[in-house]
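Asker: Quick mapping for you: the protein sequence lines, in order, are chains L and Z. When we follow the working numbering, the leftmost residue of the first sequence carries the number 1, and every step to the right adds one. When we follow the working numbering, the leftmost residue of the second sequence carries the number 1, and every step to the right adds one.
Treat the hints with caution; some may be incorrect.
[Stated by the list, open to error] Here are the computed distance ranges between Cβ atoms for each label pair:
1. L:K37 x Z:V106: 54 to 60 Å
2. L:F50 x Z:F48: 24 to 30 Å
3. L:F50 x Z:G51: 30 to 36 Å
4. L:L40 x Z:T77: 42 to 48 Å
FYI, nobody ran anything at the bench for these hints, they're computed from the structure. A virtual CB, placed ideally from N, CA and C, is assigned to each residue, including glycine.
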Amino acid sequence: MLEPLIQSSGKFNLLNTNSLELVLIQYFGKEDILMNKNVLFAVISVIATFFATVVATSACLWFVYQPEEPKCLSDM
Amino acid sequence: MEKLAHSIAVIIATKLNYDQDKKAVIEYGLIAIFQIVSIFIVSSIIGFFAGFWVESMVIFLAVGLLRKSTGGAHSQTMLGCLIISIISISFMAFIATYLIPISFKVNIYILFPLIFLIFAFCFIVAYQLVPVDSPNKPITKKEKIFKLRRNTFLTLFIYFIIAEILVCFSKSNVIIDISICLCFATLWQAFTLTKTGHIIVGTIDSKFR
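Use the sequences and the hints to build the structure in full.
Answerer: Written as structure tokens, this is what we have:
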């Protein structure tokens with residue numbers, strides 16, 4: 001499946017994100033990949049914001065470590 | 001882990017055009033997720049191989065949920081937090097599973113009043129000290145203090161009822177272990193509210209700074 005890209009670009013390094021993006025874009029289409037990436041980021045940000053809000057309304061985080069709370073959450 | 005949370009927050013904020021406030025909130029949420037998940041995974045692995053997974057999970061959930069309203073002694077580093085949390089969870093689960101004799105576990109005439117005394121003691125400690133805040137998250141609003149105190153007493157009452165019901169109506173060792181774990185979790189949390197708890201957590205934490 002990766003042969004056309006490997007042949008065209010010479011050495012292919014799986015750890016290189018740009019190469020990985022190239023593979024994904026070549027096989028799935030550029031717009032789909034960019035859209036899926038943004039959806040993924042949005043989902044992560046929603047989950048993280050939910051957890052941050054829950055923690056902000058509590059006395060502290062789950063166990064014994066408490067990082068500095070963002071100023072915008074300190075009023076909650 | 002904090003660096004990873006920071007990097008992910010920076011990537012998301014850049015890609016989705018978020019401002020600094022939103023980025024800080026995402027980073028804070030990611031640190032919370034990483035902390036919960038890492039303590040869960042490590043204590044699960046230890047519990048699974050040592051034969052006290054259920055007990056570990058009861059303590060993990062009971063301490064975590066109670067701590068959200070009580071606050072308590074804090075570690076200054078995430079590594080210190082992970083080590084203190086995992087050691088305390090595994091240690092309490094180990095004692096509840098292996099060190100308490102079965103003759104004691106099945107004796108309702110000892111366990112029932114003992115659980116009552118433990119929770120009475122924790123109620124008194126909570127009444128005097130809750131909420132215990134930290135420099136990174138000071139609690140000053142009266143409404144919030146009232147809400148946290150109310151949640152603490154409600155949580156303690158629910159734990160107490162569950163612990164007593166499990167002791168009264170169960171003949172299985174694992175179920176009684178869960179009741180004992182609830183007592184341990186509450187005692188541990190009450191201990192971290194006190195000055196002695198702060199000193200001990202601070203001493204352990206200083207080794208990992």
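Asker: Against each hint, give a clear statement of whether it holds in the structure.
Answerer: Hint by hint, here is what the structure shows:
no. : hint                       : verdict
1   : L:K37 x Z:V106: 54 to 60 Å : holds (58 Å)
2   : L:F50 x Z:F48: 24 to 30 Å  : holds (29 Å)
3   : L:F50 x Z:G51: 30 to 36 Å  : holds (35 Å)
4   : L:L40 x Z:T77: 42 to 48 Å  : violated (30 Å)
Comparing the model with each earlier hint shows a violation of hint 4 alone; every other hint is respected.
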